[in-house]
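Student: Each residue of the sequence shown is one higher than the one before, starting from 98 at the first, in our numbering.
These are calculated hints, taken from the structure and not from any lab test. It should be emphasised that the depicted structure is a prediction, and the values quoted were computed from it without experimental measurement. Incorrect hints may appear among the rest.
[Said to hold, decoys possible] Quick list of simulated restraints, FRET-style, between CB atoms:
{"hint": "1", "residue 1": "THR187", "residue 2": "LEU144", "range": "22 to 28 angstroms"}
{"hint": "2", "residue 1": "THR187", "residue 2": "ASP257", "range": "21 to 27 angstroms"}
{"hint": "3", "residue 1": "ASN288", "residue 2": "GLY159", "range": "30 to 36 angstroms"}
{"hint": "4", "residue 1": "LYS300", "residue 2": "ASP251", "range": "25 to 31 angstroms"}
{"hint": "5", "residue 1": "PRO330", "residue 2": "GLY284", "range": "31 to 37 angstroms"}
{"hint": "6", "residue 1": "PRO323", "residue 2": "ASN288", "range": "40 to 46 angstroms"}
{"hint": "7", "residue 1": "GLU357", "residue 2": "ASP251", "range": "19 to 25 angstroms"}
{"hint": "8", "residue 1": "VAL252", "residue 2": "SER227", "range": "14 to 20 angstroms"}
{"hint": "9", "residue 1": "LEU151", "residue 2": "HIS271", "range": "35 to 41 angstroms"}
Quick reminder that beta carbons are idealized off the backbone N, C-alpha and C, glycines included.
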Amino acid sequence: MIAIAKFQVIAQTFYSQLDTERIQALQVAQELSKKFIELGFDIVPKLLWAIGILLMTRFAIGIAGRVTRRALSRTEATLRKFLVQAAEITILVVGVIATLSQLGIQTTSVVAVVGAAGLAIGLAWQNTLSHFAAGVMLISLRPFEVGDAIEGGDVKGVVDAIGIFSTTLVTDDHVKIIVPNNKLFDGTLKNTTAMGTRRVDLKIDIGDRPIRPTVTELLEIVQSHPLVLDNPPPTCLVAEITPDSTILSLRPWCASVAYEQVRSQIQEQIKEAMKADKNQ
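Put together the whole structure using the sequences plus the hints.
Tutor: Here's what the structure looks like:
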């Protein structure tokens, strides 16, 4: 009987301790769930506002782009595209800062961190920064504009856009090329359409044909071409004389955009005319 009584006392003590631990565990769980709920009510609205700010920023970028394009519709394409891109980037930066502020991240701290890391970023992005500086100089000095045909940086094409960091060209075979601004600004650049007109230089080997009648015939051919300009007038001079042949320098003028067409068609007409004279 004494043993049974002792066992009952031990059992009651064990169950009372077990109930106390369960109660404590439930209390801890309740406290944790309460904290999570409070945290959720604190974070979820901020997160939703941050997402809303990002969506509004994206929407604002589109509006700013359209408004800037309309406001600068009479401005030349080169400057207009540059300013539109700058406005879009500015709104993006403002939107990111507003989002960070909504999430509770102190923007002053972010600026301080960026400032402290400025030297490292400058060293890592020195090429990018040089492209940015070259882009500003290209916009300021205007060695070429949108629509000009240029050669430089080992590429050739028509300028489609001048960006902050790079310039977009479209080649004759309709291939888009992205060229870093620094490549165009530091190297030799040829703008073949800036002057509006261009001279087509052709070397014509007339063999042993008489010079004066041939010069007259060649001038008649180029003057009859609809794309050849009357002013400046075309010229035909003797470029070289050898024991076996005479080489003439034929120089008609045309609009810069028609250069390739005029060059090809005149050479074709001269070839056919010489062949016809030879068969007579």
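Student: With reference to the structure, classify each hint as holding or not holding.
Tutor: Tested hints:
THR187 and LEU144 have their C-beta atoms about 25 angstroms apart, which keeps the hinted 22 to 28 angstroms range intact. Range check, THR187 to ASP257: about 23 angstroms between beta-carbon atoms, so the 21 to 27 angstroms window is met. For ASN288 and GLY159, the Cβ-Cβ distance of about 33 angstroms falls inside the hinted range of 30 to 36 angstroms, so the restraint holds. At about 27 angstroms, the CB distance of LYS300 to ASP251 agrees with the hint of 25 to 31 angstroms.
Range check, PRO330 to GLY284: Cβ separation about 35 angstroms, and the 31 to 37 angstroms hint holds. At about 26 angstroms, the beta-carbon gap between PRO323 and ASN288 misses the expected band of 40 to 46 angstroms. Roughly 20 angstroms separates the CB atoms of GLU357 and ASP251, a value that falls within the hinted 19 to 25 angstroms. The hinted window of 14 to 20 angstroms between VAL252 and SER227 holds, with their beta carbons roughly 18 angstroms apart.
The hinted window of 35 to 41 angstroms between LEU151 and HIS271 holds, with their beta carbons roughly 36 angstroms apart.
In this structure, only the earlier hint numbered 6 is contradicted, and the remaining ones agree with it.
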